[in-house]
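*Asks:* Given next are the chains, with one letter for each unit.
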Amino acid sequence: MIVTLGACGSSDGGDTQDGDPIVIGVSLPLTGDFSEPGKGVQQGYEAWQKIINEKGGLLGRQVELKILDDQSNADRVVADYEQLIGKDEVDLVFGPFSTRLVVPSARVAEEYDMLFVEPAGAAKEVFEQGFKNLFYAAPAVANDHYNHLAEKILAMPADQRPKTAAYAAMDDPFAQGTAYGLKEKLEAGGVKTVVNEVYPPNTTDFSGIAAKIADSKADVLVGGSQYQDGVNLIVALQQLGYQPELAAFSTAPTNPEFASAIGNKTAGVLSPTGYSQDAPYESNKEFVEKYTAQFGKAPEEDQANGYTTGQVVAAAVTAVGCAEQGECQQKLVDWVRANTVDTVVGPLSWDETGKPKGAHMIQQWIDGDIKIVLPEDVKEAEFLYPKPAW
Amino acid sequence: MPSGALLFQSILLGLLLGGLYALLASGLTLYFGIMRVVMIAHSAFLILAAYLAWYLHERAGIDPLLSMLVTVPLFFGAGVGLQRLLLTRLRPATLTMMSVLLTFAIALLIEGLLGYAFTGTQRRINLGYGSASLELFGARIAVVKLIAFGLAAVALTTLYLLMKRTRFGWALRATIQHRDAARLLGIDTERVAGYGFGIGLATAAIGGTALSLDTTIYPSLHWHWIGPLMAIIVVGGLGSVPGAAIAAMVLGMAQSLLQIPMGTTWAQTVFYVALFATLAFRPQGFFGGRLAQRF
Numbered sequence: 001m002i003v004t005l006g007a008c009g010s011s012d013g014g015d016t017q018d019g020d021p022i023v024i025g026v027s028l029p030l031t032g033d034f035s036e037p038g039k040g041v042q043q044g045y046e047a048w049q050k051i052i053n054e055k056g057g058l059l060g061r062q063v064e065l066k067i068l069d070d071q072s073n074a075d076r077v078v079a080d081y082e083q084l085i086g087k088d089e090v091d092l093v094f095g096p097f098s099t100r101l102v103v104p105s106a107r108v109a110e111e112y113d114m115l116f117v118e119p120a121g122a123a124k125e126v127f128e129q130g131f132k133n134l135f136y137a138a139p140a141v142a143n144d145h146y147n148h149l150a151e152k153i154l155a156m157p158a159d160q161r162p163k164t165a166a167y168a169a170m171d172d173p174f175a176q177g178t179a180y181g182l183k184e185k186l187e188a189g190g191v192k193t194v195v196n197e198v199y200p201p202n203t204t205d206f207s208g209i210a211a212k213i214a215d216s217k218a219d220v221l222v223g224g225s226q227y228q229d230g231v232n233l234i235v236a237l238q239q240l241g242y243q244p245e246l247a248a249f250s251t252a253p254t255n256p257e258f259a260s261a262i263g264n265k266t267a268g269v270l271s272p273t274g275y276s277q278d279a280p281y282e283s284n285k286e287f288v289e290k291y292t293a294q295f296g297k298a299p300e301e302d303q304a305n306g307y308t309t310g311q312v313v314a315a316a317v318t319a320v321g322c323a324e325q326g327e328c329q330q331k332l333v334d335w336v337r338a339n340t341v342d343t344v345v346g347p348l349s350w351d352e353t354g355k356p357k358g359a360h361m362i363q364q365w366i367d368g369d370i371k372i373v374l375p376e377d378v379k380e381a382e383f384l385y386p387k388p389a390w
Numbered sequence: 001m002p003s004g005a006l007l008f009q010s011i012l013l014g015l016l017l018g019g020l021y022a023l024l025a026s027g028l029t030l031y032f033g034i035m036r037v038v039m040i041a042h043s044a045f046l047i048l049a050a051y052l053a054w055y056l057h058e059r060a061g062i063d064p065l066l067s068m069l070v071t072v073p074l075f076f077g078a079g080v081g082l083q084r085l086l087l088t089r090l091r092p093a094t095l096t097m098m099s100v101l102l103t104f105a106i107a108l109l110i111e112g113l114l115g116y117a118f119t120g121t122q123r124r125i126n127l128g129y130g131s132a133s134l135e136l137f138g139a140r141i142a143v144v145k146l147i148a149f150g151l152a153a154v155a156l157t158t159l160y161l162l163m164k165r166t167r168f169g170w171a172l173r174a175t176i177q178h179r180d181a182a183r184l185l186g187i188d189t190e191r192v193a194g195y196g197f198g199i200g201l202a203t204a205a206i207g208g209t210a211l212s213l214d215t216t217i218y219p220s221l222h223w224h225w226i227g228p229l230m231a232i233i234v235v236g237g238l239g240s241v242p243g244a245a246i247a248a249m250v251l252g253m254a255q256s257l258l259q260i261p262m263g264t265t266w267a268q269t270v271f272y273v274a275l276f277a278t279l280a281f282r283p284q285g286f287f288g289g290r291l292a293q294r295f
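Chains W and P supply the protein sequences, listed in that same order. Under UniProt numbering, the first residue of the first sequence is numbered 1, with each subsequent residue one higher. Under UniProt numbering, the first residue of the second sequence is numbered 1, with each subsequent residue one higher.
All the pointers check out, no bait thrown in.
Derived list of chain W stretches under chain P, where covered just means 3 residues or more per stretch with a C-beta under 8 Å from a C-beta of chain P:
#, stretch
1, 188 to 201
2, 204 to 210
3, 220 to 232
4, 253 to 267
Take a look, some chain W residues computed to stay more than 10 Å from chain P by CB distance:
#, residue
5, Asn143
6, Gln277
7, Ile372
In case anyone wonders, no lab produced these hints; they're calculated from the structure. Glycine included, C-beta positions come from ideal geometry on N, C-alpha and C.
So here's chain W without its partners, still in its complex pose:
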């Protein structure tokens, strides 16, 4: 209390910024199509703000978030960042959620030469726009999600390595990106593609796709899926008695409802994930504990991505020693480009386009629990191959 009063006193005194809070402007889809993940990111940002303020803030100043709701609307998000940067003159900005909102808002940030770290731009389009100030605060874009798995498979001795693979992906840039990233690498390594199915998001019956895959008897099964299609396809495959040696699905297996949805027949199912509550990264333990205390449940990937964004910006501000509009922003951008930041999702670094250089962790269902199996340095359990029958 005394500290706060003291801080107010000094800011009344004149132009000095030392006592003023650092204001960070954010626009998020708190209503509309992306409201669920949007609120998740908001909680991540708020957890970061609380934790950093408890530690005395940034550069000795408290941090304040100014969050606007863009209603998942691309026009609104542009107006929001125009207002935050131009009119409200916030010191820093954080990105919104989803590629559809990140691209237009990154343009605004670019116009004002602001550092733009964002929690949700997994599609490759984000990095093809020529942005100079944008950085995606996550381990990898969709195409790189399975990199650790591809390496693992291709490193197997020739007599054990799988020979054929079946791919089924939803007609969606994210879901397809994950499956095709792995497909390219396995094909290059000599694993033959025997089924390659794309299905529209409104597919209700998966038995036909399942029949094709089961008939091919592929060694490897890869699903580029969201939740419900992944679950429906797995059940349809189980009904046909198909037993692959390796089964990997994006998104679905990390969902809390996954195991009960497929009747607990999860043994050996793999999934790439950008975040794990159990990952042994230094700041992660603190994040999980304090987040759980603040919100009453453990953080998921969206919350972690928000938190990571805060960590990246905080690292840059602390290293450079400033946080305001103008010349300072370029120094922050240069610093992020040249350095590696330790975060709750692991150490992050970026290429010229702002694309993270990492890959996702690979988790596997073992004994009724999902555990990290790749990469080697953070694994909680041994990679299981071939997978047990499901």
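Using the hints provided, position chain P relative to the given structure of chain W.
*Replies:* Okay, now just chain P, sitting in the frame of chain W:
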């Protein structure tokens, strides 16, 4: 060239799928037959029934098949109520068009309430036999799909016998064919139409239960169903339950077999190609004969 085993498997899957489609579409064609009502909310009621089956299973451990003891009478009552309280108020001259708007609103209402009560999270009934299957000459038949097919067969046979062999069925068919003449013969057409609508909705309770056995459900799922179901009843001949059943079997089989060479996206368009061909060349439907004249 697909292997014989894949062809045989796909034919079996097509049959099972066609049976499910027939069950889901039967109610839809009945409403139109009885009173020219285009019931956009039919698939929303299917999803509602699926949710009730899921909820009773989740909360009380009741098998979805037993949940029909509750949902079938409930939906019958709701259908009668819906017809007597809302649809009879529409003016006969604009009934067909206005019923689209009214039932569209009902579909939105059901979707909204489901989202409010159960959130948008996707749900699935976790049955012990969910992924069990029987073997038949090297092909596999999933137990849940077989149960759904059995439900369809029982429900449609019952419906057929009800329409053909009972006094109520005669009255209902008379109401469908010529409402004024039926009234002259002393049939209370208003009441009969209400019961007919109730029966249509009762089939939705059975269809939704069949659906819940093998699908992940979420509140907006019904929009994915209404298109194919509408296509089925138009191809089958509006108002003809046997026509809808045959069209459903043919289209289900076509979808399943086209899947092999063409993939999912194109296989699904078979419904719309069939719809277009019907409207262009045989608007009264390919299997039902003249509009609603036959049952």
